[in-house]
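> Sequence:
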Amino acid sequence: MLNFTVGPVQSNEDVLKIGAQSAPYFRTPEFSEIMLENERMMNKFAGAPVGSRTVFITGSGTASMEAAVMNLLDKDDRALVINGGSFGGRFCKLCEIHAIPYTPVLLEAGHALTAADLAHFDGSDAGYTALLVNIHETSTGVLYDIDLISDFCRRNGLFLIVDAISAFLTDPIDMAESGIDVMITGSQKALAVPPGVSVMVLGPRALERTERIDSRCMYLDLKDALKNGERGQTPFTPAVTTLLQINARLRDIDAHGGPESEIRRVRELAEDFRGRIVDLPFKLFSESPSNAVTSLYTEEISAKDIFTALKDEYGIWICPNGGELAERVFRVGHIGNLRTEDNITLVDVFRDYLHKRGI
366 MLNFTVGPVQ SNEDVLKIGA QSAPYFRTPE FSEIMLENER MMNKFAGAPV
416 GSRTVFITGS GTASMEAAVM NLLDKDDRAL VINGGSFGGR FCKLCEIHAI
466 PYTPVLLEAG HALTAADLAH FDGSDAGYTA LLVNIHETST GVLYDIDLIS
516 DFCRRNGLFL IVDAISAFLT DPIDMAESGI DVMITGSQKA LAVPPGVSVM
566 VLGPRALERT ERIDSRCMYL DLKDALKNGE RGQTPFTPAV TTLLQINARL
616 RDIDAHGGPE SEIRRVRELA EDFRGRIVDL PFKLFSESPS NAVTSLYTEE
666 ISAKDIFTAL KDEYGIWICP NGGELAERVF RVGHIGNLRT EDNITLVDVF
716 RDYLHKRGI
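Quick note on our numbering: the sequence shown kicks off at 366 and runs consecutively.
Incorrect hints may have been included.
Quick list of in silico lysine to aspartate or glutamate cross-link-like pairs, EDC-like style, CA-CA up to 20 Å [stated by the list, open to error]:
(1) 409 - 536
(2) 382 - 617
(3) 409 - 625
(4) 588 - 573
(5) 648 - 665
(6) 592 - 573
(7) 721 - 644
(8) 409 - 539
(9) 721 - 664
(10) 588 - 576
(11) 440 - 490
(12) 721 - 677
(13) 669 - 689
(14) 409 - 542
(15) 676 - 707
(16) 648 - 670
(17) 458 - 441
(18) 440 - 573
(19) 721 - 665
(20) 592 - 576
(21) 440 - 586
(22) 648 - 692
(23) 592 - 402
(24) 648 - 689
(25) 458 - 439
(26) 458 - 442
(27) 409 - 398
(28) 676 - 706
(29) 669 - 692
(30) 648 - 717
(31) 676 - 692
Distance windows between CB atoms, simulated [claimed, not checked]:
(32) 488 - 643: 41 to 49 Å
(33) 664 - 388: 44 to 52 Å
(34) 440 - 633: 42 to 50 Å
(35) 669 - 378: 30 to 38 Å
(36) 643 - 576: 52 to 60 Å
(37) 643 - 476: 17 to 25 Å
In short, the hints are calculated from the structure, not lab data.
All of these numbers come straight from a predicted model, not from anything done at the bench.
Think of the CB as a built atom: it goes at the ideal place given N, C-alpha and C, for glycine as much as any other residue.
Take the sequences, apply the hints, and build the full model.
Have a look at this one:
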């Protein structure tokens with residue numbers, strides 16, 4: 366199968382070879398050194414401020430989203446949540462579960478965040494203390510303007526939590542430059558290894574919050590994760606092989622020009638694909654698309670049928686959508702071990718699919 370989803374994505378041969386081996390025992394100096402190197406490289410790639418820490422959670426990106434809400438916010442906070450799709454909605458649900466007072470900034474699906482959307486919440490008397498955003502709303506393909514958000518948070522003194530699960534290594538992220546206090550990503554996106562690990566990069570203000578906020582959870586307790594991380598370990602048995610694969614990927618990216626080079630590679634794939642489909646009966650759905658994925662709107666044919674036909678008839682995975690978008694929107698990812706030749710294959714398949722259906 367040729368994989369154009371946004372996670373899990375295709376891995377390179379080095380990553381696959383690691384996955385084919387038995388997982389080693391991990392309470393060793395050798396594994397600890399690998400984990401400390403993982404932390405150093407994640408801090409570097411995220412542009413984390415001096416004094417930042419990285420923790421690795423064995424769980425999907427949602428595990429780290431929940432860890433951020435329950436460890437870094439409390440009942441005295443009042444959060445703004447950018448909600449333009451299913452993942453923004455997930456942050457809202459997590460705030461509800463953990464009794465964090467919040468207000469959603471509701472956006473129409475596929476629409477970019479604007480200054481006007483935030484204007485109502487601007488001002489020192491608004492009472493807000495934090496802002497949570499999925500900087501790339503993966504469900505619609507919209508990339509929100511980090512500069513707009515950063516300026517707003519600085520003016521209003523807000524603690525900034527950024528889910529960059531599908532934006533890390535696909536679009537520029539610099540924690541120090543943008544005043545990001547927490548950045549979250551996941552193993553199965555642009556890191557391009559199997560799912561099972563999410564990553565949290567915590568800036569100094571986030572580390573201070575972990576010390577004063579009492580988290581009532583054992584598995585997702587960031588105090589415990591940070592303490593164990595000092596010696597290159599995790600509190601409980603981690604996804605050992607996935608962490609080794611992350612190390613291989615980080616080292617490979619570093620050796621080939623760092624995150625800037627990887628972002629450029631993904632951007633070029635996205636631009637190449639979008640240029641090849643201009644004469645097809647699909648429209649770009651999102652106003653401000655990420656490099657990670659192209660969301661496409663179709664009126665003439667069911668998006669569900671496109672997904673099913675490509676999977677069953679052509680051996681290609683793309684991303685379907687759920688809910689109200691299920692029949693009209695599908696997504697094509699540009700992350701993982703993909704090449705321009707794969708774009709050509711996919712576009713040829715689209716043409717054949719449409720021809721067979723008389724379109």
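> If you draw a straight line from the CA of residue 458 to the CA of residue 439, is it 20 Å or shorter?
holds, 15 Å
> Can you confirm whether the C-alpha distance between residue 669 and residue 692 stays at or below 20 Å?
The hint holds at about 6 Å.
> Is it true that the C-beta distance of residue 643 to residue 576 lies inside 52 to 60 Å, as the hint says?
holds, 53 Å
> Is the gap between the beta carbons of residue 669 and residue 378 within 30 to 38 Å?
holds, 33 Å
> Under the criterion that the straight-line Cα-Cα distance not exceed 20 Å, is the pair residue 721, residue 664 satisfied?
holds, 17 Å
> Residue 409 and residue 625: Cα distance at most 20 Å?
It holds: about 12 Å lies between the C-alpha atoms, which stays within 20 Å.
> Does residue 676 pair with residue 706 here, judged by a C-alpha cut-off of 20 Å?
holds, 19 Å
> Compare the distance between the alpha carbons of residue 409 and residue 536 with 20 Å, and conclude whether the hinted pair is satisfied.
With Cα atoms ~15 Å apart, residue 409 and residue 536 stay inside 20 Å; holds.
> Would you mind confirming whether the straight-line C-alpha gap from residue 648 to residue 692 stays at or under 20 Å?
Since the Cα atoms of residue 648 and residue 692 sit roughly 14 Å apart, the hinted pair holds (cutoff 20 Å).
> Hint check: residue 588 vs residue 576, CA-CA at most 20 Å. Holds or violated?
holds, 7 Å
> Just tell me: holds or violated, for the beta carbon distance of residue 643 and residue 476 against 17 to 25 Å?
holds, 22 Å
> Decide if the proposed pair is consistent with the structure: residue 721 and residue 677, CA atoms, cutoff 20 Å inclusive.
Judged against 20 Å, a Cα distance of about 15 Å means the pair holds.
Comparing the model with each earlier hint shows no violations; every hint is respected.
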